[in-house]
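Peer 1: Residue strings, one per chain:
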Amino acid sequence: MLTSTINAFTSYLGSPLPPGNAGNQLWALIYVLIIFAGVAVVVLCMNWIERKALAHFQIRLGPMRVGPHGLLQPIADALKLMLKEDIIPDEADKLVFWVAPLIGLVAAFTVYTVIPFGPSQAVSDMNIGILFMLGVSSLGVLGIVTAGWASNSHYPLIGALRSSAQMVSYEVAMGLAVVSAILMTSLNRTGTGTLSMIGIVQAQQQQGIWFLFKFFPLGLIAFVIFAIAMVAETNRSPFDLAEAESELTAGFHTEYSGLRWSLFMLAEYAAMIAVSAIAVTLWLGGWLHPFPNALNGPAWEFIFSLFPGLTFGALALFAVIGTVRMPSHSFFRIQRAGLAVFALLLAFIALLLFVIAILGRNPDASIAARFREGIDYVYWFMLKVAIFMYLFIWYRATWPRYRFDQLMKVGWKVMLPISLGVLILTAIVGVFVS
Amino acid sequence: MNPALVIPALAHPSRMAAAFIDSAPNPAAPIATPWFFYGLAAAAVISGLLVITRRNAVHSALSLIVTLLSVAGLYLMLYAPFVAGVQIIVYAGGIMVLFLFVIMLVNIERVSKERQFNRIWPVGLLASCALLALFMSAIQKGKSLFLDRMVQLPEGTNTQQIAAALYGETGKMGQYTFAFEIASLLLLVAILGAVIMTKKKI
Numbered sequence: 003m004l005t006s007t008i009n010a011f012t013s014y015l016g017s018p019l020p021p022g023n024a025g026n027q028l029w030a031l032i033y034v035l036i037i038f039a040g041v042a043v044v045v046l047c048m049n050w051i052e053r054k055a056l057a058h059f060q061i062r063l064g065p066m067r068v069g070p071h072g073l074l075q076p077i078a079d080a081l082k083l084m085l086k087e088d089i090i091p092d093e094a095d096k097l098v099f100w101v102a103p104l105i106g107l108v109a110a111f112t113v114y115t116v117i118p119f120g121p122s123q124a125v126s127d128m129n130i131g132i133l134f135m136l137g138v139s140s141l142g143v144l145g146i147v148t149a150g151w152a153s154n155s156h157y158p159l160i161g162a163l164r165s166s167a168q169m170v171s172y173e174v175a176m177g178l179a180v181v182s183a184i185l186m187t188s189l190n191r192t193g194t195g196t197l198s199m200i201g202i203v204q205a206q207q208q209q210g211i212w213f214l215f216k217f218f219p220l221g222l223i224a225f226v227i228f229a230i231a232m233v234a235e236t237n238r239s240p241f242d243l244a245e246a247e248s249e250l251t252a253g254f255h256t257e258y259s260g261l262r263w264s265l266f267m268l269a270e271y272a273a274m275i276a277v278s279a280i281a282v283t284l285w286l287g288g289w290l291h292p293f294p295n296a297l298n299g300p301a302w303e304f305i306f307s308l309f310p311g312l313t314f315g316a317l318a319l320f321a322v323i324g325t326v327r328m329p330s331h332s333f334f335r336i337q338r339a340g341l342a343v344f345a346l347l348l349a350f351i352a353l354l355l356f357v358i359a360i361l362g363r364n365p366d367a368s369i370a371a372r373f374r375e376g377i378d379y380v381y382w383f384m385l386k387v388a389i390f391m392y393l394f395i396w397y398r399a400t401w402p403r404y405r406f407d408q409l410m411k412v413g414w415k416v417m418l419p420i421s422l423g424v425l426i427l428t429a430i431v432g433v434f435v436s
Numbered sequence: 100m101n102p103a104l105v106i107p108a109l110a111h112p113s114r115m116a117a118a119f120i121d122s123a124p125n126p127a128a129p130i131a132t133p134w135f136f137y138g139l140a141a142a143a144v145i146s147g148l149l150v151i152t153r154r155n156a157v158h159s160a161l162s163l164i165v166t167l168l169s170v171a172g173l174y175l176m177l178y179a180p181f182v183a184g185v186q187i188i189v190y191a192g193g194i195m196v197l198f199l200f201v202i203m204l205v206n207i208e209r210v211s212k213e214r215q216f217n218r219i220w221p222v223g224l225l226a227s228c229a230l231l232a233l234f235m236s237a238i239q240k241g242k243s244l245f246l247d248r249m250v251q252l253p254e255g256t257n258t259q260q261i262a263a264a265l266y267g268e269t270g271k272m273g274q275y276t277f278a279f280e281i282a283s284l285l286l287l288v289a290i291l292g293a294v295i296m297t298k299k300k301i
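From first to last, the protein sequence lines stand for chains A and B. Take the first sequence: its position 385, counting from 1, is numbered 387 in our numbering, and each next residue is one higher. Take the second sequence: its position 137, counting from 1, is numbered 236 in our numbering, and each next residue is one higher.
Worth flagging that the hints you see were computed from the coordinates, not collected in a lab. Note that the Cβ used here is the ideal one computed from N, Cα and C, for glycine as well. Be a bit skeptical, because a hint or two may be false.
Dumping the calculated PhoX-like pairs for lysine-lysine here, alpha-carbon to alpha-carbon at most 25 Å [what the hints assert, rightly or not]:
1) A/K415 x B/K271
2) B/K240 x A/K415
3) A/K411 x B/K300
4) B/K242 x A/K411
5) B/K240 x A/K411
6) A/K86 x A/K96
7) A/K54 x A/K411
8) A/K96 x A/K82
9) A/K54 x A/K82
10) A/K415 x B/K298
If you want the footprint, here are the derived chain A segments under chain B, 3+ residues with CB under 8 Å [what the hints assert, rightly or not]:
11) 288-301
12) 309-315
Pairwise CB distance ranges (calculated) [stated by the list, open to error]:
13) A/N298 x B/Y266: 50 to 58 Å
14) A/D88 x B/L148: 26 to 34 Å
15) B/L197 x A/L422: 41 to 49 Å
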């Protein structure tokens with residue numbers, strides 16, 4: 003039993019397939035756990051970054067009290083939410099009220115099965131990858147709708163109705179934009195197309211172009227349509243009519259409190275990361291570093307593999323600057339020490355990444371080289387996703403909320419015709435170019 | 100459907116235990132076990148019963164979603180991932196959200212006091228029993244038509260095969276191209292009809 007488990011553990015190392023395709027359930031489980039923990043940590047970080055960035059957009063400081071620069075604020079928030087009383091309204095539909103947050107959470111986390119962090123850094127590579135992602139992420143709205151209905155109260159119900167109408171409208175434009183990107187995988191001398199997430203990125207690698215720039219400006223337009231629709235899909239500002247706090251108190255989750263409410267928040271951020279990952283995979287070359295065909299070879303590979311270390315080094319530098327600039331009053335002694343330790347931790351991670359980059363610089367089949375490659379893939383993928391996550395915050399700070407009739411008008415009369423036109427033009431151009 | 104047809108692993112009860120540990124990279128080996136089939140089938144049947152027995156329409160709709168998802172799981176077991184994906188997108192994600200949208204506008208208090216079944220339910224029971232008997236006899240009589248184990252379908256090219264059947268390969272029309280186009284024309288007419296009926300002035 004033990005030896006066979008160890009055997010299952012080691013035999014996967016060096017496999018070019020994702021664990022789901024290699025048939026290795028142990029590693030699939032490990033990947034699932036890594037992704038689950040990683041997403042939870044990223045959501046905590048996003049919580050802090052969003053509050054800080056929004057505050058700075060509005061010329062405020064944001065959280066400053068809990069930890070240096072409010073770094074421990076998300077942990078304090080999480081503790082508060084867990085300790086809060088869990089209220090279920092008397093007139094609520096208890097079972098549905100209880101299940102609703104879980105629906106959203108499960109739908110948001112299930113799509114991570116097919117997100118390709120690298121050519122083998124995914125839980126599984128499905129033949130229908132992108133279809134699966136769109137389908138399961140569209141189930142997330144069921145969580146919102148059931149939550150709004152089960153609360154048995156007016157504001158949540160209106161929020162749920164708005165949300166379901168919005169999702170159905172924007173899914174159409176989103177789907178058509180995705181189809182035009184899928185068309186691109188099959189055109190232009192590559193033979194057959196694919197729906198697999200890994201296959202889509204590999205198609206971009208083979209064709210030597212991100213689909214964002216393919217058939218300029220068709221790819222760009224499809225990308226913009228998707229980028230707008232994905233904000234609407236995740237119910238984020240300026241499309242956050244389902245939880246419009248100036249009109250509906252808190253919309254669909256008005257009656258939720260404590261841990262259940264935090265599940266909604268977790269699901270929302272997980273869904274944001276997931277849709278950003280779709281956009282990155284379809285149009286921005288997924289795990290590929292910039293210009294993978296022009297800047298290849300061992301020297302460039304080595305330079306690009308230094309970036310993860312440099313990123314953590316820069317973060318460590320910021321932490322060091324923060325430590326130095328901390329007021330030298332005895333009140334700040336603990337905060338200062340804490341920030342210094344945090345800086346050391348970041349510097350240690352940076353050092354570790356540099357060591358891996360140097361050890362694995364020879365592109366051979368050694369463990370270090372494979373590890374270095376894996377870190378590179380995940381790093382470039384996450385960097386692109388991070389840009390989208392920042393954009394989500396930027397939108398929220400910049401634009402006022404849509405009115406509902408404007409929302410419907412934009413969805414059906416602007417985005418749907420444009421995405422349909424782009425789809426037809428992509429097909430025509432594809433046929434004539436190849 | 101006879102479970103033995105669907106699941107070749109039924110003949111090897113040890114396979115499920117072995118699959119967890121067995122690390123031999125053999126992507127063709129079926130991971131879906133009988134237990135998946137029994138679980139999904141039970142979920143589909145139980146939630147299907149809940150759809151017609153719940154008084155609350157929203158509960159019925161939610162049960163229907165569970166049924167549809169279980170059926171999608173069964174499609175996955177039959178090596179038809181594309182059909183499963185479409186089932187989730189179209190039914191569970193699209194149509195059921197619209198269903199819920201409409202049901203929420205209905206006054207559930209009043210509806211739940213109304214009588215749920217009308218008086219002809221014995222007729223319905225009889226009809227469904229007859230249908231069940233028909234299915235059973237079809238399975239019994241046509242046993243020789245079924246293979247004793249499942250054909251290993253190429254899962255990796257499932258989507259491409261469906262596309263070839265619907266649209267045809269290069270230079271030749273697919274088997275179902277004509278029927279597919281007629282169906283899409285019919286849907287277009289239905290959409291236009293719905294728009295015209297709701298709009299008083301175009």
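Peer 1: Please list, smallest to largest, the hint numbers that this structure does not respect.
Peer 2: 1, 2, 4, 5, 7, 11, 12, 13, 15
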